[in-house]
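Let's have the full structure, built from the sequences with the hints guiding it.
First to last, the sequence lines map onto chains A and B. With the working numbering, letter number 254 in the first sequence gets 254, and the count goes up by one each step, no holes. With the working numbering, letter number 308 in the second sequence gets 308, and the count goes up by one each step, no holes.
No wet-lab data here; the hints were simulated from the structure. By construction, the Cβ of each residue, glycine as well, lies at the ideal position given by its N, Cα and C atoms. The reader is advised that the hints may include incorrect statements.
To be verified - Only part of the chain A face toward chain B is listed, based on derived beta-carbon distances under 7 Å: (1) 5; (2) 9; (3) 105; (4) 242; (5) 291; (6) 293; (7) 296.
As the list claims (entries may be wrong) - Derived DSS-like pairs: lysine-lysine, alpha-carbon spacing no greater than 27 Å straight-line: (8) B/390 with A/251; (9) B/401 with A/287; (10) B/363 with A/251; (11) B/446 with A/232; (12) B/446 with A/5; (13) B/446 with A/251; (14) B/34 with B/59.
One-letter residues, chain by chain:
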Amino acid sequence: MSFLKPKTHIEQGDIVILYLSVNSMHAIEAVPTIVNKKGETIANIFQTPYGSLKVQSIIGVEYGSRVELSKGWAHVLQPNPELWTQTLPHRTQIIYTPDISMILHQLEVRPGAVIVESGTGSGSLSHYFLRALKPTGRLHTFDFHEARADQARDEFKRHGLGDFVTVYHRDVCNLGFTSELDGAADAVFLDLPAPDLAVPHAFKALKLSGGRFCSFSPCIEQSQRCINVLTKLGFNEICSMEVLQQESVIKTRSLPVIDLEFLKAPKSTERNPNDDIKSKEPKELKKYLTSSNPQVLPGHTGFLTFATLPPNIPKA
Amino acid sequence: MASIQLGDYIVIQRQKYTKLQKFGSLDATATLGKEHLELKSLLDQPYGSTFKMCVKESKVGKRGAQRQHRLELCTENELRSIRDVLNISSSGADNRDISDNGEAQALKSADIEQLREACNESSKIIEKLVENSKTFHTRTEYSQDKYLLKKEKKYFEFVQIRQPSIRLMADIFHRQDADKIMGIRVDTLSQIISYSGVSGFGSYLLYESGTNGLLPAAMLNSMGAGTEATLVHMHPGNVPQKQALLALKLPLEQQQRCISVNLYSVLREFYQGDRPEAKTEAPTEVETAAPTKEAAELVTPTDDSDTNTEEQSDNIEPSSKKVKLDESSNSTNKSGPLHWQLENKRAVALMNAKFDNLVMAAKEHPSNILQALLPLVKPSRPIVIFSTCKELLQEIYMELKTSGKVTNLHVTSNWMRMYQILPNRSHPEVNMSGNSGYLLTGYTLK
Chain A
1 MSFLKPKTHI EQGDIVILYL SVNSMHAIEA VPTIVNKKGE TIANIFQTPY
51 GSLKVQSIIG VEYGSRVELS KGWAHVLQPN PELWTQTLPH RTQIIYTPDI
101 SMILHQLEVR PGAVIVESGT GSGSLSHYFL RALKPTGRLH TFDFHEARAD
151 QARDEFKRHG LGDFVTVYHR DVCNLGFTSE LDGAADAVFL DLPAPDLAVP
201 HAFKALKLSG GRFCSFSPCI EQSQRCINVL TKLGFNEICS MEVLQQESVI
251 KTRSLPVIDL EFLKAPKSTE RNPNDDIKSK EPKELKKYLT SSNPQVLPGH
301 TGFLTFATLP PNIPKA
Chain B
1 MASIQLGDYI VIQRQKYTKL QKFGSLDATA TLGKEHLELK SLLDQPYGST
51 FKMCVKESKV GKRGAQRQHR LELCTENELR SIRDVLNISS SGADNRDISD
101 NGEAQALKSA DIEQLREACN ESSKIIEKLV ENSKTFHTRT EYSQDKYLLK
151 KEKKYFEFVQ IRQPSIRLMA DIFHRQDADK IMGIRVDTLS QIISYSGVSG
201 FGSYLLYESG TNGLLPAAML NSMGAGTEAT LVHMHPGNVP QKQALLALKL
251 PLEQQQRCIS VNLYSVLREF YQGDRPEAKT EAPTEVETAA PTKEAAELVT
301 PTDDSDTNTE EQSDNIEPSS KKVKLDESSN STNKSGPLHW QLENKRAVAL
351 MNAKFDNLVM AAKEHPSNIL QALLPLVKPS RPIVIFSTCK ELLQEIYMEL
401 KTSGKVTNLH VTSNWMRMYQ ILPNRSHPEV NMSGNSGYLL TGYTLK
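Have a look at this one:
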């Protein structure tokens, strides 16, 4: 239930983010016992590189607290779409926060909005949509893979979001978004291999007063075909973009400053030989707070194509 | 769809150009380059309507003719593709026979001006331009398209009136003068909203020193109408910048959930309590006002250059300068507490209950502000700090890392690239914005 609203303490059944380090965090369910492969009920123990965690011990603990592991410690955080996106069980490729943020902004999602999404995939974007549109809006999310749709439905329910979402198992490219949704949506989002096939259905689903459209596709040819159909149907403000996020790696560096001036003068034999040895050693260390880009960073995620359906376009 | 009312802010769009304008009175005009538009006829028309600019009179100005236009509502779809209107059939294969000798266009600029006065329709002007162009039909189809688009942009006679939204305003503000919104680019704005977790539930804290109201408006927009979420919006000046907030025309109930308070005065009240002498004794107030003014002066240069200042001061609730005058007279009259005092009280109550996030976009050095505000945030909550330069955030990053109060620290920036996607002509756009600004994000710990 931990996705509905900000809360202070871990309750039984919450999804909790066990935060070990920037590169290591896990979403765990706060239940004291689990059923193992043999069908026996056993204590829920979660293994980490820093030892094990008795999950029962975190129930009732305040979010943001430090919890002890058998060989170290970790922090427990309340999950949100950002942390969930980094820890969720991948059933498909997912879209990440930088692209998602732009999608929410461009689709003007806010509480009360009715959003149509296809495909549901692993539900990464769905969690963001739900956060943005609850408690007064509604998400209609479609996937043609039955097991994925079922898993997502179950997940939303367990996360306390079931009241704001309808999950459909349906092939929208061929069958559309159901006639109940005709003229019902403020915005439609497509992440499909052939978005152009679903654009006419998106057109039907958008409100008569107009709405926003987005398609995410890794390849520019998909965007091109999609734009073709959008133009034919009377969409305007069509634009495509990509958003890539760069991380700055921040470190304090200490650099030795070496003195080369003494090399200009001849070595005087009269001097203490110790002096010479000393002058070769760096006398000074300069400290800098530096930032650099990582060696590898995402160079491409997908093209985001946005469009507006203007008001009062006849849909017959 | 809502209809256009007096007092509304409106977005005027002519092709890709958009502008935020206040429709303050029936004789208000809007200026688009050399064109002046009378806004009278917009009243009560639905948002999203398209209007035709009809020349009423033309005056000789410093840089060419200044034209005054009436706006006429377009009922039928008069907007057709210019290529279809002109019925262009022939085109060349390449540009080997085209040379730039300045003789391609037979019409002189005076002829074109005349043409412009004589006919209202851009398609007619462009038709004449094409007729009198010696090279048009030898241009390639793509080059013809480019030519038509360029001409259409210049002579386009339709404007669309749209209702302001965060999306449209972020775009307008950033294009017109990015400095006035502290250089917060659209991708960065969208990420501030995501990382800070603003939604219909929760109590949020924002410190912002001047974004034309864009940041509080974006947060309030994400909090939604008819929800329980609240926002304490701290600012360093006497008056918060509120243009974007006012332009959204949110329900009163929602507007009231954005509590705008002066940083100094609210922190003073938070730490020292609501002492009766602080309210009535003049010296205490002056003391409060002193740093406020300093800070306000720091910010003023950009604020004053704001073309909208006039509009703003008209519309914002009475400035605290006025309030202070009122106060001195009021305190003798012993009337009820003032608006800002009530807002301070509401804010202090929320500060005592602690917040579900912290967002900062400061023109001042962020370190001390962060130190003052961080203890007001509950554990396991997101913090997001924006800055145009990385160096400031590097320092904060180290401070926070050493303190151990915030985890999952990241400093990020973005690369955002727009694409032209057309059959056989897809490529990134020639110019792109090079500075997204930087975000420091993390989660508070107990």
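Original post:
Is the straight-line distance between the alpha-carbon of residue 401 of chain B and that of residue 287 of chain A 27 Å or less?
Top reply: Answer holds: residue 401 of chain B to residue 287 of chain A is near 17 Å, not above 27 Å.
Original post:
Taking the closest Cβ pair, is residue 9 of chain A under 7 Å from chain B?
Top reply: violated, 10 Å
Subject >> Hinted pair residue 390 of chain B and residue 251 of chain A, Cα distance within 27 Å >> reply: Holds. Residue 390 of chain B to residue 251 of chain A sits at ~13 Å (cutoff 27 Å).
**OP:** Given the hint that residue 34 of chain B pairs with residue 59 of chain B, test it: the Cα-Cα distance must not exceed 27 Å.
**Re:** holds, 10 Å
Original post:
Taking the closest Cβ pair, is residue 5 of chain A under 7 Å from chain B?
Top reply: holds, 4 Å
Original post:
Taken at face value, is the distance from the CA of residue 232 of chain A to the CA of residue 446 of chain B at most 27 Å?
Top reply: Cα-Cα ~56 Å, so violated.
Original post:
Does residue 363 of chain B pair with residue 251 of chain A here, judged by a C-alpha cut-off of 27 Å?
Top reply: Between residue 363 of chain B and residue 251 of chain A the Cα gap is close to 25 Å, so the pair holds against 27 Å.
Original post:
Can the restraint linking residue 446 of chain B and residue 5 of chain A be considered satisfied, given a maximum Cα separation of 27 Å?
Top reply: Holds: residue 446 of chain B and residue 5 of chain A sit about 19 Å apart, inside 27 Å.
Subject >> residue 293 of chain A as an interface hint toward chain B, with CB separation required under 7 Å >> reply: Violated: closest Cβ of chain B sits about 9 Å from residue 293 of chain A, beyond 7 Å.
**OP:** Against chain B, run the beta carbon of residue 291 of chain A and see if the smallest gap drops under 7 Å.
**Re:** holds, 6 Å
Subject >> 27 Å Cα cutoff - pair residue 446 of chain B, residue 251 of chain A >> reply: Holds, at roughly 25 Å.
Original post:
For the hint on residue 105 of chain A, does the least C-beta distance to chain B fall short of 7 Å?
Top reply: The hint holds - residue 105 of chain A has a Cβ within 7 Å of chain B, the shortest such distance being about 4 Å.
Consistency note: the structure conflicts with the earlier hints numbered 2, 6, 7, 11.
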